[in-house]
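Generate the whole structure from the sequences, applying the supplied hints.
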Amino acid sequence: MNELLLEYKETLKNTKALLNRLKENGACEDDLKNVRSWISNLEYTIKWIRTGRQPGTTRGIERRAAYDREIPVEPYWIQLNKDEHVQLFEFEETEEEQEKTVNKESLVKEIMKILDKKERMVFELVAKEFSQREIARFLDMPHATVQKIIQRCKRKIVQEGWILV
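Read in order, the letters of the sequence shown correspond to residues 1 to 165 in the numbering used here.
One or more hints might be untrue.
[Stated by the list, open to error] Computed list of lysine to aspartate or glutamate pairs in EDC-like fashion (alpha-carbon distance at most 16 angstroms, straight line): (1) K113 <-> E160; (2) K156 <-> E110; (3) K16 <-> E43; (4) K16 <-> D31; (5) K118 <-> D140; (6) K109 <-> E124; (7) K109 <-> E160; (8) K9 <-> E43; (9) K156 <-> E119; (10) K128 <-> E105; (11) K154 <-> E124; (12) K104 <-> E129; (13) K47 <-> E3; (14) K148 <-> E119; (15) K148 <-> D116; (16) K113 <-> E124; (17) K154 <-> E110; (18) K109 <-> E119; (19) K13 <-> E43; (20) K100 <-> E43; (21) K104 <-> E124; (22) K47 <-> E105; (23) K154 <-> E95; (24) K154 <-> E119; (25) K156 <-> D116.
In short, the hints are calculated from the structure, not lab data.
In structure tokens form, the structure reads like this:
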């Protein structure tokens, strides 16, 4: 680890020298900004290596539990849920298909009014045709919990007078 620390310190020294040369040669502000960012990152990393903890914290391995709870999600899923109005592939829909899509969206909105937050999340994913296992993994909950939430959603929908097909 000491060898790595020495390499980082040497890199920091060389980067600071680069910054000084760029200033002397009248480099553009974007270049100077980038090099300053490198220097900041190097100083931060050196502090972390030297102390064994994240700079600015009082604990060793801080927030580890939070990192363990994080679920890496592919950008595809984030984008899919973010921009519902954007189609991933362009194709022409017939008027009948467009009407079905509009009807389905309005039906989902009406049903959402009777569901609580967690039920809404699960119901939206079911409406987007995700499998129960995918939903369980995506929301970080057991598969059985997803099944119970779906059953509860169905009960509420039937109680409101909707017919499930």
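Mind checking the alpha carbons of K128 and E105 for me, to see if they're no more than 16 angstroms apart? 11 angstroms, holds
Assess, step by step, whether the Cα of K109 is no farther than 16 angstroms from the Cα of E119, and give holds or violated. 13 angstroms, holds
Pair hint K154 and E124, alpha-carbon separation not exceeding 16 angstroms: Given that 16 angstroms is the threshold and the Cα spacing comes to 13 angstroms, the pair holds.
Restraint check for K156 with E110, where alpha carbons must lie at most 16 angstroms apart: 12 angstroms, holds
Does E43 sit within 16 angstroms of K100, going by the straight-line distance between their CA atoms? 58 angstroms, violated
Hinted pair, alpha-carbon criterion (16 angstroms max): K9, E43. Please report holds or violated. Holds. K9 to E43 sits at ~8 angstroms (cutoff 16 angstroms).
Going straight from one Cα to the other, do K148 and E119 come out at no more than 16 angstroms? 10 angstroms, holds
Check whether the Cα positions of K156 and D116 lie no farther apart than 16 angstroms. 11 angstroms, holds
Does the structure keep K156 and E119 at a Cα separation of 16 angstroms or less? 10 angstroms, holds
Take the C-alpha atoms of K16 and D31, compute the straight-line distance between them, and say whether it is at most 16 angstroms. 13 angstroms, holds
Does E119 sit within 16 angstroms of K154, going by the straight-line distance between their CA atoms? 10 angstroms, holds
Assess, step by step, whether the Cα of K109 is no farther than 16 angstroms from the Cα of E160, and give holds or violated. Satisfied, since the Cα-Cα distance of roughly 14 angstroms is no more than 16 angstroms.
Violated hints, listed in ascending order, are 20, 22 and 23; each of the other numbered hints is respected by the structure.
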